[in-house]
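J.: Single-letter residue listing:
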Amino acid sequence: MSDLTYTASELMCINAARLLRDGDVVFVGVGLPNLACNLARRTHAPNLQLIYEAGVIGARPSRLPLSIGDPTLVTGAVSVCGMFDIFSQYLQRGNIDVGFLGGAQIDRFGNINATIIGGDYQHPKVRLPGSGGSQEIAGWANRCYIITPHQKRRFPEKVDFITSAGFLNGRAQRELTGARGGGPLVVVTNLGLLEPDANGELVLSALHPGCTLEQVRENTGWQVRTSGQVSTTEPPLPSELQLLREELDPGGIYLKGS
Amino acid sequence: MSKICSLAEAISSYVHDGDTVFCAGFTHLIPFAAGHEIIRQGKKNLTLARATPDLIYDQMVAAGCAKKLIFSYIGNPGVGSLRIVREELEAGRLEWEEYSHFGMISRLQAGAAGLPFMPMNQTAAPDLERSNPNIRRVKDPYTGQDVVTVPALNPDVGIIHVQRADEHGNAQVWGILGEQKEAAFASRDVIITAEEIVSEDVIRSDPNRTLIPGLIVKAVCQVPHCAHPSYTQGYYDRDNVFYLNWDKISEDRATVNAWLDEWVHGVQGAEEYWQKLGSETHARLAVKPRYAAPVNYGDY
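Those sequence lines, one after another, are chains A and C. Heads up: the first sequence begins at 1 in our numbering, then just goes up one per residue. Heads up: the second sequence begins at 1 in our numbering, then just goes up one per residue.
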């Protein structure tokens, strides 16, 4: 196994897939979350229900979707509904177990910024795409998972703009808002896993094989603490890598990265 | 009475300088040909509303049609940044109003239902609500809890692409439904562009598939391949290669202008544009058919 090599994207994707439970209803985005969900469905979670933001329920994509509204999501799906219905009857109503999120910045309390970097809202230095559906996913999915490469600029102590809520300034503050979802449960990076502590602060709970606490500290914008015992994740299995490389993303469109 | 007219006539009759325009379609059925016709006719000072402005609004902004953008996600879907829009926003040359996807679709839903606003549950994310004065709160009169509200959006013109419609504008859609229905009911004037014009009998053979009734439609235009480089389910695939190419083209205003000259100003309309794409592209975007099982409505 020691000669088994994998990219950072493959490592994150496989670890994200393992977080899904059989029978989960998942709100899926394109890219790594889509691959993670389809990998989980083909391995330990055959009864995963994939729901795509474009309004597709029970999708069984037969090719790699390249956009959130790829036509392959529709063909063979259980149901298709409009955008208002997917956000109200599925997400707001509480019918989504898991949401996947990403963003330019994630802070100490799991808050996500996908809106602006630098300057102020009216005069941003860098204008990012904005919320899309992520504000509601972060607010209302029962559990949220974040997938992101571990880099200092992506992990500031405080985000420039809270596009999607983690635990704000602490778990109690999120609870006060009355938002129904449980907030982020795990952040999957190429170095390990971060999980919120009792106060909602992200702490290191696991390292991937060969990764170190020093690497995590160097690449995190705050003094990251560790949970009681930091475990080591199981390395990617040959069967997981084979499914990803040969069937789910044979062109390496999302998995080639570093 | 037939509402069929050319796309050029429809745009010239119903899109006026200064209007709020909603070109509908969530990734699917985006009416690019209508956007290009608006550019050719030199419309100005438009407020362009869409959840995802997509390349269609990047192109219309580049062509100088827009004064303001209303949106919820300004990316090039599956590719990255929407460069022109981003540049104009960062430079302060384009006004904007921003929502989440649910905020955006709720505005249309209110507009479509004739309501003044829509309530939404709180998401715990504070900053957009702080930044956009149109996002407000009211007390739920039943529980006393705060709900977040957004005002109705009633565009002057809604442009909706569909698989098939009859001459009255009864329009049938399948595949991703996005905000097609809400955009149509919310808009003052509705232009339908259709891959195919079919007889009323075809529409009446499957009434459950009719998303938009002719009674709210002003004009019906037959525009095959209207949605390229987005797609029409069952008719042609999404041209992901073009979405990637646009990322390069839009790096530089000179190449954008050259592209607009060649592909928008340099063609008369959608038919010439499609032919110009060439047989290789046509073959790449062709889709094998896969039919639904027929349903029995009963002969009553």
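What the hints contain is simulated information worked out from the structure, not anything from laboratory work. There may be inaccurate statements among the hints.
[To be verified] DSSO-like cross-link-like pairs, simulated, lysine-lysine; straight-line CA separation at most 30 Å:
| # | chain 1 | residue 1 | chain 2 | residue 2 |
| --- | --- | --- | --- | --- |
| 1 | C | K276 | C | K44 |
| 2 | C | K68 | A | K256 |
| 3 | C | K276 | A | K152 |
| 4 | C | K276 | A | K125 |
| 5 | A | K125 | C | K218 |
[Unchecked claim] Every beta carbon over 10 Å from chain A, so not counted as near; a handful from chain C, in silico:
| # | residue |
| --- | --- |
| 6 | G64 |
| 7 | L82 |
| 8 | F117 |
[Stated by the list, open to error] Simulated coverage check for chain A against chain C, where a stretch passes if three residues somewhere in it have a Cβ under 8 Å from a Cβ of chain C:
| # | region |
| --- | --- |
| 9 | 143-153 |
| 10 | 191-200 |
Even for Gly, the Cβ is constructed at its ideal location relative to N, Cα and C.
J.: Confirm or reject each hint.
T.: Structure-based check of each hint:
1. K276/C - K44/C: holds, 27 Å
2. K68/C - K256/A: violated, 38 Å
3. K276/C - K152/A: violated, 47 Å
4. K276/C - K125/A: violated, 39 Å
5. K125/A - K218/C: This hinted pair is violated, its Cα atoms lying about 43 Å apart.
6. G64: Consistent with the label, G64/C stays out of reach of chain A, its closest Cβ about 20 Å off (over 10 Å).
7. L82: Given that some Cβ of chain A is not farther than 10 Å from that of L82/C, nearest at about 7 Å, it is violated.
8. F117: Holds, because the least Cβ-Cβ distance between F117/C and chain A comes to about 14 Å, which exceeds 10 Å.
9. 143-153: violated (count 0)
10. 191-200: That given contact is violated, which follows from only 0 residues of the region 191-200 of chain A lying within Cβ reach (below 8 Å) of chain C.
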